[in-house]
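Chemist: Sequence order for the protein chains is A and B. Position one of the first sequence corresponds to residue 9 (the working numbering), numbered consecutively onward. Position one of the second sequence corresponds to residue 835 (the working numbering), numbered consecutively onward.
If you're looking for bench data, these hints aren't it; they were derived computationally from the structure. Backbone N, C-alpha and C fix where the C-beta goes; we use that ideal spot for every residue, glycine too. Treat the hints with care, as some may be off.
Unchecked claim - Derived coverage of chain B by chain A (criterion: at least 3 residues anywhere in the stretch with Cβ under 8 Å from a Cβ of chain A; other residues may be distant): (1) 1150–1162; (2) 1273–1280.
To be verified - Under the rule of at most 25 Å between Cα atoms (straight-line distance), these lysine to any residue pairs were calculated in the SDA-like manner: (3) Lys93/A with Gly920/B; (4) Lys10/A with Asp65/A; (5) Lys93/A with Arg922/B; (6) Lys928/B with Glu31/A.
For reference, the chains in residue letters:
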Amino acid sequence: MKVTEKDVAYVADLANLELTDDERTRMVRDLNSILGHIDRLNELDTSNVEPMAQVSDRYGVDPSKHGGARFAYASREDVVEGLRKSLPQDEALANAPDADGTFFRVPKVIER
Amino acid sequence: MDLKLLTIDGARSAVQERKTSAVALAEMFYLKIEKDDPQIGAYLTQCKDRAMAKAIEMDALAAKGDKLPPLGGVPVAIKDVMVTRGVRTTAGSKILGNYVPPYDCTAVARLEAAGAVVLGKTNCDEFAMGSSNENSAFRPVHNPRDLSRVPGGSSGGSAAAVAADMAVVTLGSDTGGSIRQPASFCGVVGLKPTYGRVSRYGLIAFASSLDHIGPFGKTVKDVATVLGVIAGRDPMDATSADLPVPDYVAQLDKPIRGFKIGVAKEYLGEGLDPEVRATVAKAIEKLGKLGCEIVEISLPHTEYAISAYYIIATAEASSNLARFDGVRYGYRAGDARTLSEMYRRTRDQGFGAEVKRRIMLGTYALSAGYYDAYYLKAQKVRTLLTQDFDEAFKKVDAIVTPTSPTAAFKLGEKVDDPLAMYLADIYTVTANIAGIPGISVPCGETKEKLPIGMQVFGKHFDESAVLRVAAAYERGS
């Protein structure tokens, strides 16, 4: 067992989840089963391998350039309403579970 | 009109030549949905007003004698992970059960600009997480070929809608095989383009570096037509590539004589169903008869793909799904006294079991002390897997594999074993990891009459090669 109930409680806290007792028990079982498979990655020596976060820096870019210049095609002027207009306030609030017409409303933030 | 045989060309030319109207055609499809979808469950939402407005517009064009755009009057459906202005978009989740987006996904907007009539939104695994469509918060989808079996996932509704003639073509999304595997299970064609070929703007994010939008259709030509419409640079998605879009359809009829087709032994190993193996071997033989040179290749890191994938995908998901907090949109738990309690209860009650499992796995892999061992390690293995393809494509023009190790399995069969479910993606995740295009095209059936799919991979941005191999196989078979 790599992952304990305590680990699950800690990670759930990081992820803003509570989980019921049943869910926690099952999560311990499932995460251990999945991580048991994933541990096979350790068979590979990757000490000289560069990590790869995404593929889009390989194509459609100017390969002679670096950093921001490499992605020049994807940049734009930093102006208000650059690519699309901001949503009108009523549309921005329309899906909110609780709003007062001007703001999103939430329960008390400071706990005491 | 026989909906079973209806393709884009058939539908569009019938409307163009006024043999039928786009309105009548849409109505026929809605009747079909009303009759058959209760058993299948492909649709979550229908948008008749929106469909009819577009149909009327196309009929008016045809009445004037104007040439219809490429999808003029063609009934389509959209996986419910792509946002549609004014039409409920759920991502198959309770947490977005009543979400009505204020904007349109670029791919959907491009379909409609090309004249497509959007009938509705299709069912899927919650946040596109699943391989069977059983993780939909609303209802599972049943495979139209055998109602006791799954349609595959996560784009199960989009695959089933095409297979059951409830739309001519559909859009799906593919993060680890979610277009190709259901296409294979339902006996239709499904394409995952190159990463960056189609804008992801308006696609509800699961794993941003692995997510793709792509089409389902009954024929390779239909899929090529839709790709031509949705592909190309979109300033709203910084990762969409600034490369020209070729005329995919015009290239389909080119012969593939002399093509070098790679066959990798790592895709024919342990866990592959013997019937699937024999059927795909026969399909490869057929490609040989069509003049292709079959070349044995090796993609040596394939066995590590699922492990790397489920770390990267869940890590990205844990970050992407942090936005669902009950404040700006979606579900909110009603009984919380403080903000942090509200976040937790909202997410606890709003997310299903698989989504929580992936958020947990991803958060664990990113947490202090485990980042190097899991996330960084997986990113390095991603490099190795991508280099495997770079090497292979120095020798071959395309690679052919089975799409899935088995045909469609029974509903409930893998629902209690997440690892077994993850292994259903074993042949598809590699294309997401490397960002290369892949298609699934039907290549036969099991003794039980269940469809089997053949997968074709190509080089980055070489969808043309993938489509040409699939089209040549389809013509020759």
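Chemist: Each hint needs a verdict: does it hold in this structure or not?
Modeler: Taking the hints in turn, this is what the structure says about them:
{"no.": "1", "hint": "1150–1162", "result": "holds (count 6)"}
{"no.": "2", "hint": "1273–1280", "result": "violated (count 0)"}
{"no.": "3", "hint": "Lys93/A with Gly920/B", "result": "holds (17 Å)"}
{"no.": "4", "hint": "Lys10/A with Asp65/A", "result": "violated (36 Å)"}
{"no.": "5", "hint": "Lys93/A with Arg922/B", "result": "holds (22 Å)"}
{"no.": "6", "hint": "Lys928/B with Glu31/A", "result": "holds (18 Å)"}
Checked against the numbered hints given earlier, the structure breaks hints 2, 4 and satisfies all the rest.
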